[in-house]
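**Student:** Taken in order, these protein sequences are the chains called C and X.
For reference, each letter of the first sequence is one residue, going 728 to 1051 in the working numbering.
For reference, each letter of the second sequence is one residue, going 206 to 734 in the working numbering.
Keep in mind the hints are simulated off the structure, nothing from the lab.
Among the hints, a few may not be true.
With a straight-line Cα cutoff of 27 angstroms, these simulated BS3-like cross-link-like pairs (lysine-lysine) come out [stated by the list, open to error]:
hint	chain 1	residue 1	chain 2	residue 2
1	X	K330	C	K779
2	X	K332	C	K785
3	C	K779	X	K398
4	X	K313	C	K779
5	X	K330	C	K785
6	X	K604	C	K779
7	X	K609	C	K779
8	C	K779	X	K332
9	X	K320	C	K815
10	C	K815	X	K398
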Amino acid sequence: MTAFILRRSTQSIIVLFIMSLLVFSGVNLVGDPVEMLINPEADQAEVERVIKELGLDKPITEQYWYFLMNAFKGDLGTSFIFGEPALKLIVQRMPATIELALFSLFISLIFAIPLGIYAGLKPESKISKTIMAGSILGFSMPTFWVGIIFIMFFAVYLGWLPSTGRGEIGSFLGVKSSLFTLDGLSHIFLPALNLALFKLSSVIRLTRAGTREIIHQDYIKFARAKGVAESRVINVHLLKNILIPIVTIIGLEFGSLIAFSTVTETVFAWPGMGKLIIDSIYNLDRPVIVAYLMIIVIFFVFLNLLVDILYTLLDPRVRIQGSN
Amino acid sequence: MNILNRILIIMIGCVLSSMAVAKDLTVGLKSEPSSIDPHYHNLGPNNSLSAHIFDTLVGSDENQQHYPNLAVTWKPINDTTWEFKLRKGVKWHDGSDFTADDVVFTSKRAANVPKSPSGFGTYLKGKTFVKIDSHTIHIKTEKPYPLMPNDLSTVKIISKKYGEGASTSDYNSGKAAIGTGPYKFVEWVPGDKIVLKANPNYHGALKGKPAFNKVLFKPIKTGPARIAALLAGDVDLIDSVPPLDVARLKKNASLTLTSGPSNRVIYIHLDQFRENSPYIKAIGGGEIKNPLMDVRIRKAISLAINRDAMVAKVMEGIALKAGQLLPAGFHGVSPNMKPDPYDTKAAKKLMADAGYGNGFEMTIHGPNDRYINDAKIVEALAQMLSRIGIKTKVETMPKSVYFKRASAGGPNKSPEFSFMLLGWGAGSGEASSPLRALLHTYDKSIGMGRANRGRHSDPAVDKIIQQALSTVNADARGKLLAEATEIAVGKNYGVIPIHYQMNTWAAKSSLSYQPRTDEYTLVMGISNN
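Work the whole structure out from these sequences, hints included.
**Tutor:** Here you go:
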């Protein structure tokens, strides 16, 4: 196991390095940040001061070298727009995004797995067909549009839930999150549901497919023949076996929930990392874009590792290479 | 008993004073400021927010007319010195006194904020601030400098006590964000909210005492979400209502919409410095001499633009036809200039006279996320031009790519495009701002023509602009600026104005917003219906 983790870490560092090279050269090809940032009325002298201030007067190779040197010290550059360390900006907004992702994952799992199993067990029933048709809608409707419809219906028409922003922040066991207040929960519900919709649909389909396959396996038949209660057959024999593909998908999707929840965050003005990255791209805040993508790479590498380890716990047949 | 009485009186006093300003307000903003530091980033959203917390010496009202703010009077006392008398009895938010020392300190800091992506150096260079007494300042320049009040209407005065050694982070955290303005800074959660509270000791130069007890600004970037937040009652006021929604929202009795012209003109810059322009070809694709060098072609293009249709159809009626660089009412605007009529016959004749009777091919460029409906305007222009025989192709792109190419995408960092859509907001609120930036000959050494992306050049215009910039008498200067505009725009067609952008604010029906030409959203501009 240790050897496996070590090897993965070395690989990650190489990935990180290649990624930094690609991203850094990529963002530096596009546009001119000074044109974006400066007041149009500023004169040429002011423009030159800003170019120098941002370090853009130096050749790109030198800029990259500085970036690498600083990155080793844990400094991923300073935002052109905010004048604060890019890492600080990202970390500041991380809790909002993580709580949104967790809550939407929670919504999608508590609905998707029971619904998927039901649709798998009784594929011919009307309810199952409705579930499956609904799931097609779920991942074919654009997030942006659904978000606006949610706001119009739940916030404007019914007036049940707030339309925008993050609610009050509470504290529980030293962790600060808007999940711990009623106001916070009312704010998070719509964006989380919006974000969950796509995932909900794909997990339903995945669960159904797994159920259909496993329900005909010999060990299920044997368990039933042995007289094991149906609830135990489903909750233990079936559930444990369909979880493997679901865990893979959830692992990867959780990463993408966090990294690319930009659309939902923009529609609901959710103060998370997704909104930060999209604003940074619009305004050519290069250091933030680079730092963000670096963090996301690390994040994905870590998630994949976690998924691999979870496998071994769920399925004893899977052995991580190098663990013996 | 005596003590109890006093406590009772204080308590009643508190209740009464809180009743006077008991209301809270939530505002949904399209763009979030990047800092609370008033000198860090000289850009609309930042300047708008900091105007609540800090004051300038010279105030700038909703039409960008000056009013006494921290300075009560200002006048030139000789060719190179301006005297500013400061308001007495003004207190900082912490209770200390505002004096000339704060002004002198501000003049040193404002242009030198570390990491600032757009500072105030342009407005402060060449000026020496001298304290005469605790409430008098002399500002000396090398040459006569008439735009002193305009320049000083942009720079927020900060407290010396809190500003010394303070970084931008100290302002963002609130430690140094001590101003003299109508609202005090409470908290900024980036991406989420900015919280202000009333300053009961405000000197009242702008609309008297603050009308709201607590003000919450929420950044909501997308238009539909901003409108939904207003309809749901989560915010009380929003800015930048998209033109497409204005007609529908006006019918809603629970809202008040107000629109007003801005200081921003939407115009076309045309390549006037290359014999062969990269995006212009003869019909069929051969090389031709750049037709835009010929003033007759530029005039023909202006006549081919149906500005009425542009305003009515593309802008949904939320714009004003433009014939010069600023709408009527601003200083330096010519009373004689009207928007060109729509006259394709005359335009075709001009094309033929210039030797381009068969037309030519041209690719026209514009941004698609910078000005209101920018991409649609470019598409409409293309259709209008094809009616006089100019075969056009349209290319629009995000501003992050567009402006670099428009300014310096060509060889030797020259402007790349042949024909491009742009906008100019006159931050100074008078005509010298667009004239010196867009129509004066491009000259790095004197800081002129920085945004002259067509490289229009007429020595006669340059001379008048420079003369205006050293004429202290306001009326004489206004006449010179109008004259420069008449030649550069009216005669030379150095740029072709299309329309003045209008901005729309929407509030719940009990409130209404006084539109501002500088596009700022100021809580002080909200009144009760």
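**Student:** Give a verdict on every hint.
**Tutor:** Consistency of the hints with the structure:
1. X:K330 <-> C:K779: Holds - the C-alpha atoms of C:K779 and X:K330 are around 18 angstroms apart, at most 27 angstroms.
2. X:K332 <-> C:K785: Violated: X:K332 and C:K785 sit about 31 angstroms apart, past 27 angstroms.
3. C:K779 <-> X:K398: violated (32 angstroms)
4. X:K313 <-> C:K779: holds (20 angstroms)
5. X:K330 <-> C:K785: Roughly 26 angstroms between the alpha carbons, so the hint for X:K330 and C:K785 holds.
6. X:K604 <-> C:K779: holds (22 angstroms)
7. X:K609 <-> C:K779: Measuring from Cα to Cα gives roughly 17 angstroms; hence the hint holds.
8. C:K779 <-> X:K332: Distance of about 23 angstroms is within 27 angstroms: holds.
9. X:K320 <-> C:K815: holds (16 angstroms)
10. C:K815 <-> X:K398: holds (18 angstroms)
Violated hints for the displayed structure, listed by number in ascending order: 2 and 3.
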